[in-house]
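Asker: Okay, here's what each chain looks like letter by letter:
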Amino acid sequence: MADKLNKNDALFQFLLRLGDNTLVLGHRVSEWCGHSPVLEEDIALANTALDMIGQTQFWLGLAGEVEGKGRTADNLAFLRDVWDFRNLLLVEQPNGDFGQTMMRQFLFDAWHSIMLGRLMKSSDQRIADIAEKASKEVAYHLERSADTVAGLGDGTEESHAKMQTALDLLWPYIGEMFVGDEVDAEMVKAGVAPDPASLRDEYDALVGRVLADATLTTPDSKFAHKGGKTGMRHSEHLGHILTQMQWLQRAYPGATW
Amino acid sequence: MYAQMIKTAGTGVKSPEEMTDQERAFQARIDADEKIEPKDWMPDDYRATLIRQIGQHAHSEIVGQLPEGNWITRAPTLERKAILLAKVQDEAGHGLYLYCAAETLGISRDELTEDLLSGKMKYSSIFNYPTLNWADMGAVGWLVDGAAIMNQVPLQRTSFGPYSRAMVRICKEESFHQRQGYDIMMKMCQGTEEQKQMAQDAMNRTWFPALMMFGPSDKDSVHSTQSMAWKIKINTNDELRQKFVDQTVPQAEYLGLTIPDENVKLNKKTGHYDYSEPDWSEFFEVIKGNGPCNTERLNARNKAWDDGKWVRDGLLAHARKKAARKASAKTAAE
Ligand SMILES: [Fe+2]
Ligand SMILES: [Fe+2]
Chain E
1 MADKLNKNDA LFQFLLRLGD NTLVLGHRVS EWCGHSPVLE EDIALANTAL DMIGQTQFWL
61 GLAGEVEGKG RTADNLAFLR DVWDFRNLLL VEQPNGDFGQ TMMRQFLFDA WHSIMLGRLM
121 KSSDQRIADI AEKASKEVAY HLERSADTVA GLGDGTEESH AKMQTALDLL WPYIGEMFVG
181 DEVDAEMVKA GVAPDPASLR DEYDALVGRV LADATLTTPD SKFAHKGGKT GMRHSEHLGH
241 ILTQMQWLQR AYPGATW
Chain X
1 MYAQMIKTAG TGVKSPEEMT DQERAFQARI DADEKIEPKD WMPDDYRATL IRQIGQHAHS
61 EIVGQLPEGN WITRAPTLER KAILLAKVQD EAGHGLYLYC AAETLGISRD ELTEDLLSGK
121 MKYSSIFNYP TLNWADMGAV GWLVDGAAIM NQVPLQRTSF GPYSRAMVRI CKEESFHQRQ
181 GYDIMMKMCQ GTEEQKQMAQ DAMNRTWFPA LMMFGPSDKD SVHSTQSMAW KIKINTNDEL
241 RQKFVDQTVP QAEYLGLTIP DENVKLNKKT GHYDYSEPDW SEFFEVIKGN GPCNTERLNA
301 RNKAWDDGKW VRDGLLAHAR KKAARKASAK TAAE
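Sequences listed follow chains E and X, in order. When we follow UniProt numbering, the leftmost residue of the first sequence carries the number 1, and every step to the right adds one. When we follow UniProt numbering, the leftmost residue of the second sequence carries the number 1, and every step to the right adds one.
Hints were generated in silico from the structure; no laboratory data involved. Where hints are given, some of them may not hold.
Selected chain X positions facing chain E (in silico; Cβ < 7 Å) [as the list claims (entries may be wrong)]:
#, residue
1, Q65
2, G69
3, R80
4, A86
5, A92
6, N133
7, W134
8, M228
9, L255
10, A304
11, L315
12, H318
Where is the CB? At the ideal position from N, CA and C, for every residue including glycine.
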């Protein structure tokens, strides 16, 4: 990122982070369509993915507006390459089994709901408005994912073991949510968004409660993989997501769909 | 349509003299357009036929998620992705209503699911065809949902109350799906040369399988006559197919698409479009399991069910533990 990061660039980057999180996680969740363990879950997962794609349209739409180069939400979603994506590493992790998918969803929803709650008080009214709309949907996502994590953690020996494995696997990806950089500093200064680190206590308390209900052991390690939200170093998975997601737009440039 | 070649239980329509008093009273209620509700007396054959029909319809909604799910991750715009997700979600919801309707007849969703997974029960032949380019999402909505509607609109008046009510809810969403499918086709047909090619390719592959959805001619079938007397089938397969062709040909012309049948033309005498019969030997192969995607579709459903077992077991165990904890807390408080 350039040294002379101005507020507009920072705002653009910040909006990409929000929109790319929901875009990439929405994509991942949509991979489940028709393949989930029970019909009610097919419906719920499709609904969650649908909400996240809707949120993406708002965040990336606003990002394009802020950037001022005439790029639409679709241009941003379908015509950027890996290094320009600003999503957390957590959301691009593969689905794994259903337990892993729901654990990933819960760890994200918990952060997302707290973040959106703060953004509802943003000095930027456009952001506050989107956050308000999205937070209603995300409250429901969180309720579902928390219930599922608690239920499967508590369920049978087998489901407990699978949920613990999922938690251990994904835990190193939550730290990135709370690491701030110059983009965040600029947002804090402008009253647009909170300092990421300031969300940690509330997050730990929320996640701790659910994991306790789930009878799961919170890993000790504070180690955090980083590089998603800055775009510095995504995982190998993101490129494969994009080859699917962007295929038609890339193969037939300029077509309208 | 989503329920094909349903074998009607029994030996055909009985004359009033052959019927018992109960059967006569039952038939009189149907003839008077009364709804039969789950607690009402009904002939065993009526119940058995409905279970087959509603079950197959439900299975079709469930398996029907797969060919469209195939394009969700590749949808070309955020809006198209959202619309497709919403559609596939609706189809799963349709499956749910229909399983609930079947359950009122005394069969559980799990039993029906086991019969689908073992291949004992069928789902519509159409979902055994692949979706190969983006225009298939248009063709499926326009032609497949379109064909389904032909059958489902009259079924809103079917004699069995829960089935009829499920159809009312489902029909509203299906007509929405059809419009969205047509909208995709319109964009493709107004688009680049390549998009037009995709649209025509999808049309070429979907036309005859869509006609097959109505099933072979059943105008001389004793089984259909019985189902029609019970009002669980309202029109013959040929009537519905003709209605579908009559509706679809002008729409295809408007899009600028060629129907892959040179015999399609308006018959001035009948006022209907003539058309060629689909290749029924292909249809019977698909029904037997030899369609292009039968194996994949059934494997995908079996895998989802088998991989999900630990989840269903886990959630059930948790629900039991929770109930037990609640009960013991209650006893302790007393
Ligand atoms: Fe449907
Ligand atoms: Fe539909």
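Asker: With reference to the structure, classify each hint as holding or not holding.
Answerer: Now for the hints, and whether the structure bears them out:
1. The beta carbon of X:Q65 comes within 4 Å of a beta carbon in chain E, closer than 7 Å, and the hint placing it at the interface holds.
2. Hint status for X:G69 relative to chain E: holds, with the closest Cβ pair at about 4 Å, below 7 Å.
3. Residue-level restraint check for X:R80 holds (minimum Cβ-Cβ distance to chain E is 6 Å; threshold 7 Å).
4. At its closest, the beta carbon of X:A86 sits 6 Å from a beta carbon of chain E; the interface hint therefore holds under the 7 Å criterion.
5. Satisfaction of the interface hint for X:A92 is found here, the shortest Cβ-Cβ separation to chain E being roughly 4 Å, below the 7 Å cut-off.
6. With a least beta-carbon distance of about 9 Å to chain E, the hint placing X:N133 at the interface is violated under the 7 Å criterion.
7. Taking 7 Å as the C-beta cut-off, the interface hint given for X:W134 holds, the closest approach to chain E being about 6 Å.
8. Among the interface hints, the one on X:M228 is violated; its C-beta lies about 31 Å from the nearest C-beta in chain E, farther than the 7 Å criterion.
9. Given hint, X:L255 at the interface with chain E, is violated; its Cβ is 16 Å from that chain's nearest Cβ, farther than 7 Å.
10. Annotation: interface hint on X:A304 holds; nearest CB of chain E at approximately 5 Å, less than 7 Å.
11. For the restraint placing X:L315 at the interface with chain E, the shortest Cβ-Cβ distance is roughly 5 Å, inside the 7 Å limit, so the hint holds.
12. Interface restraint check for X:H318: the shortest CB-CB distance to chain E comes to about 4 Å, inside 7 Å, so the restraint holds.
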